[in-house]
Amino acid sequence: MDKVEPKKILISPVTRIEGHAKITLQLDDKGEVSDARFHVNEFRGFETFCQGRLYTEMPTITPRICGICPVSHTIASVKACEMIQGIRPAHTGHLLRKLMHLGQNISSHALSFFHLSSPDFLLGYDADPAVRNIIGLAQQFPDIARRGIRLRQFGQEISERITGKKIHAMGIVPGGMSFPLTEENRKALLAWIPEVLETARIGIGIIRRFQEEHQEMVGSFANFPTHYLGTVGPEGELDLYEGNLRFMHADGTILQDQVPPEQYLQWIGERSVSWSYLTYPYYKPLGFEEGRYRVGPLARLNVASRMKTPKAQEEFLRFKAIGDGQPVHGTFYYHYARLIETLGSIEQIEQLLHHPDITSTDIQLHGRWNYPEGIGHSEAPRGTLFHHYVTNDSGQLQKVNLLIATGQNNPAMNRAVLEVAKQYVKGDALQEEMLNRVESAIRCYDPCLSCSTHALGQMPMVVEVYDAEGRLLNSRTR
Amino acid sequence: MDTLKMQIDGQWLDVTPGMTILDACRTHGIHIPTLCHLDGLSDVGACRLCLVEIDGNHKLQPACTTKVADQLVVHTDTEKLRNYRRITTELFFAERNHVCAVCIANGHCELQQLGYSVGMDHVRYPYLFPECNVDASHEKFVMDHNRCIMCTRCVRACAEVEGAFNWDVMNRGFNVRIISDFNTPWGESTTCTSCGKCMHACPTGAIWPKEYAQGQLKKNPGMIGELMEKRNMKLT
Ligand code: SF4
Ligand code: FES
Numbered sequence: 000m001d002k003v004e005p006k007k008i009l010i011s012p013v014t015r016i017e018g019h020a021k022i023t024l025q026l027d028d029k030g031e032v033s034d035a036r037f038h039v040n041e042f043r044g045f046e047t048f049c050q051g052r053l054y055t056e057m058p059t060i061t062p063r064i065c066g067i068c069p070v071s072h073t074i075a076s077v078k079a080c081e082m083i084q085g086i087r088p089a090h091t092g093h094l095l096r097k098l099m100h101l102g103q104n105i106s107s108h109a110l111s112f113f114h115l116s117s118p119d120f121l122l123g124y125d126a127d128p129a130v131r132n133i134i135g136l137a138q139q140f141p142d143i144a145r146r147g148i149r150l151r152q153f154g155q156e157i158s159e160r161i162t163g164k165k166i167h168a169m170g171i172v173p174g175g176m177s178f179p180l181t182e183e184n185r186k187a188l189l190a191w192i193p194e195v196l197e198t199a200r201i202g203i204g205i206i207r208r209f210q211e212e213h214q215e216m217v218g219s220f221a222n223f224p225t226h227y228l229g230t231v232g233p234e235g236e237l238d239l240y241e242g243n244l245r246f247m248h249a250d251g252t253i254l255q256d257q258v259p260p261e262q263y264l265q266w267i268g269e270r271s272v273s274w275s276y277l278t279y280p281y282y283k284p285l286g287f288e289e290g291r292y293r294v295g296p297l298a299r300l301n302v303a304s305r306m307k308t309p310k311a312q313e314e315f316l317r318f319k320a321i322g323d324g325q326p327v328h329g330t331f332y333y334h335y336a337r338l339i340e341t342l343g344s345i346e347q348i349e350q351l352l353h354h355p356d357i358t359s360t361d362i363q364l365h366g367r368w369n370y371p372e373g374i375g376h377s378e379a380p381r382g383t384l385f386h387h388y389v390t391n392d393s394g395q396l397q398k399v400n401l402l403i404a405t406g407q408n409n410p411a412m413n414r415a416v417l418e419v420a421k422q423y424v425k426g427d428a429l430q431e432e433m434l435n436r437v438e439s440a441i442r443c444y445d446p447c448l449s450c451s452t453h454a455l456g457q458m459p460m461v462v463e464v465y466d467a468e469g470r471l472l473n474s475r476t477r
Numbered sequence: 000m001d002t003l004k005m006q007i008d009g010q011w012l013d014v015t016p017g018m019t020i021l022d023a024c025r026t027h028g029i030h031i032p033t034l035c036h037l038d039g040l041s042d043v044g045a046c047r048l049c050l051v052e053i054d055g056n057h058k059l060q061p062a063c064t065t066k067v068a069d070q071l072v073v074h075t076d077t078e079k080l081r082n083y084r085r086i087t088t089e090l091f092f093a094e095r096n097h098v099c100a101v102c103i104a105n106g107h108c109e110l111q112q113l114g115y116s117v118g119m120d121h122v123r124y125p126y127l128f129p130e131c132n133v134d135a136s137h138e139k140f141v142m143d144h145n146r147c148i149m150c151t152r153c154v155r156a157c158a159e160v161e162g163a164f165n166w167d168v169m170n171r172g173f174n175v176r177i178i179s180d181f182n183t184p185w186g187e188s189t190t191c192t193s194c195g196k197c198m199h200a201c202p203t204g205a206i207w208p209k210e211y212a213q214g215q216l217k218k219n220p221g222m223i224g225e226l227m228e229k230r231n232m233k234l235t
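Residue numbers (numbering that gives the first Met the number 0), protein chains in the order written: chain F, 0 to 477; chain A, 0 to 235.
By construction, these hints were calculated from the structure, which means they are not laboratory data. There may be inaccurate statements among the hints.
Claimed, not checked - If you want the footprint, here are the derived chain A segments under chain F, 3+ residues with CB under 8 Å:
#	region
1	94 to 108
2	134 to 143
3	215 to 227
Yeah, the Cβ is synthetic: ideal placement off N, Cα and C, and Gly gets one too.
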């Protein structure tokens, strides 16, 4: 029998300005998908060009890494600065930072769910791509679209009411915050709570209905076991702002608990791979092959023992029931997890707004350079984020390591694309259906690449099929 | 005291002999952009932003170093001058590495303000991207040469107000740099008194206090003029 050369299918979402990603699918000699890679070709060089700058500049520089989770970067950054200075933030500054961070997570989750993903659930995967977007949603479900947009606004308004700016996380500084929250703004934010709670509930209703009606697809969609990493409080409660690390094995046993984030390097290894600018992190004790773990909403809910607030806790128990004692591995459940976090964040915001000290002006303490090394962390919307700075004794950065969520999820994203491609790709034929499913697998992770945050319409893609010699066999652009 | 008569932008004005055209303009509320001039310091005519047109003189003259004279006819706001000011401003930005978005002085920078006021929406010249040192050796302050525009306000504030003579200028043209003592790290200076006057005098984010966060920098360049005024006050 003649040996058929293995083929490669390349899917390349073309993007507008920054960053782009492409997907290659490797076919084996039977024409079946054998490997998938989600390439991140975006290299912005933050770790390099920050060298020589002062560590105190990092909270201003690093939020520019991402326009959607700037607060998470700033939080990780100021924590690293505070470790260098050896100080803790001022009491109210600390509370306000939590508020800012929860607000940003809500904005980001609202964007991911209502703007980018809900059209798939409400209008259907087979709906005309021209209307399968937030505009099409607004035509058919105006109330839901409006609520989604307003939920995102609510998150941004928290930042705006404190700092005067919607984005870029101004005002979060080593030692606390630059701006207090006025009584007037506190009241204005509180007035939002009933509406956004209802929106979160509606979102949860949408995803639960979809899960029930499409049980088979949801259950099998990129369902594969990995380990998980997330941040928990002292009692194992899910915490987005602070706490210690918990690593969970794919079988549900806790591998490591209450690991201070400063010890991340002891447990997380990073390996560079030739096809991506992102490094491939892994859980060190299990090695590169076995140590693949996921971060983000699904991981956080899997590792957590409970939520901090009652409504989110109720939903959390429903989520846990899906796993029936095991972690929930189905990639699709990222959406559900995202909404449970949103609900919990709104409840926590309400609690914080009722905190007797929230409008105090005890917002900032001042420190100076004392130690050469600082590590800060936060739970960004997409997962655990680490900032690690090493300075000389003038405070100038000599080494910067940023371990971002999308990097940590990259190995799992490959796997998710592979699982989906196995299911939907037959030979080198490239069906629209298959592109949609691959796109939707990527969307579950909500990776912070501009290609995947295209708010309007489908992800633009170029799909190319190559044979082993690199000859183009088939090509499809949309 | 004698007064002279001169015309600025079509207006005849009484001015005091010995004052500069810039002084005359400021006394009469006429705005001319400046960068290297700072009240209280000597003028050096370095930045060329305050150039004015003088009838009968085919060369543009800096208002900060040109003295008034009787019957002088001066124009401060012509098409030609506006064009030159925009060119000069763009060249400042092209010459070193100014990244306003992440600069400590963002929102409190005279250069940035100037960019807005001359309507600079882009830079028409190629950026030079020189490799510049960041000297963080001083206990309190940072000197970031990336953001220095060589106005020498720090040099003059240090020499003329503090009397410490820590700062000086080295090399020429593209390689020109502000130096501490004999081009040694600022932290090793034997002359610097850590008074911070250079930081206040500096119009950009080139000299800034170390542990400050963005948005919290407050420079008070007016302090230099006030100090000098008080120093020259006659106490009876
Ligand atoms: S450091 Fe500042 S004050 Fe000194 S020359 Fe440069 S820009 Fe002017
Ligand atoms: S202010 Fe006159 S030349 Fe700079």
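- Can you give the numbers of the hints that this structure goes against, from lowest to highest? When the structure is compared with the hints, only number 3 turns out to be violated.
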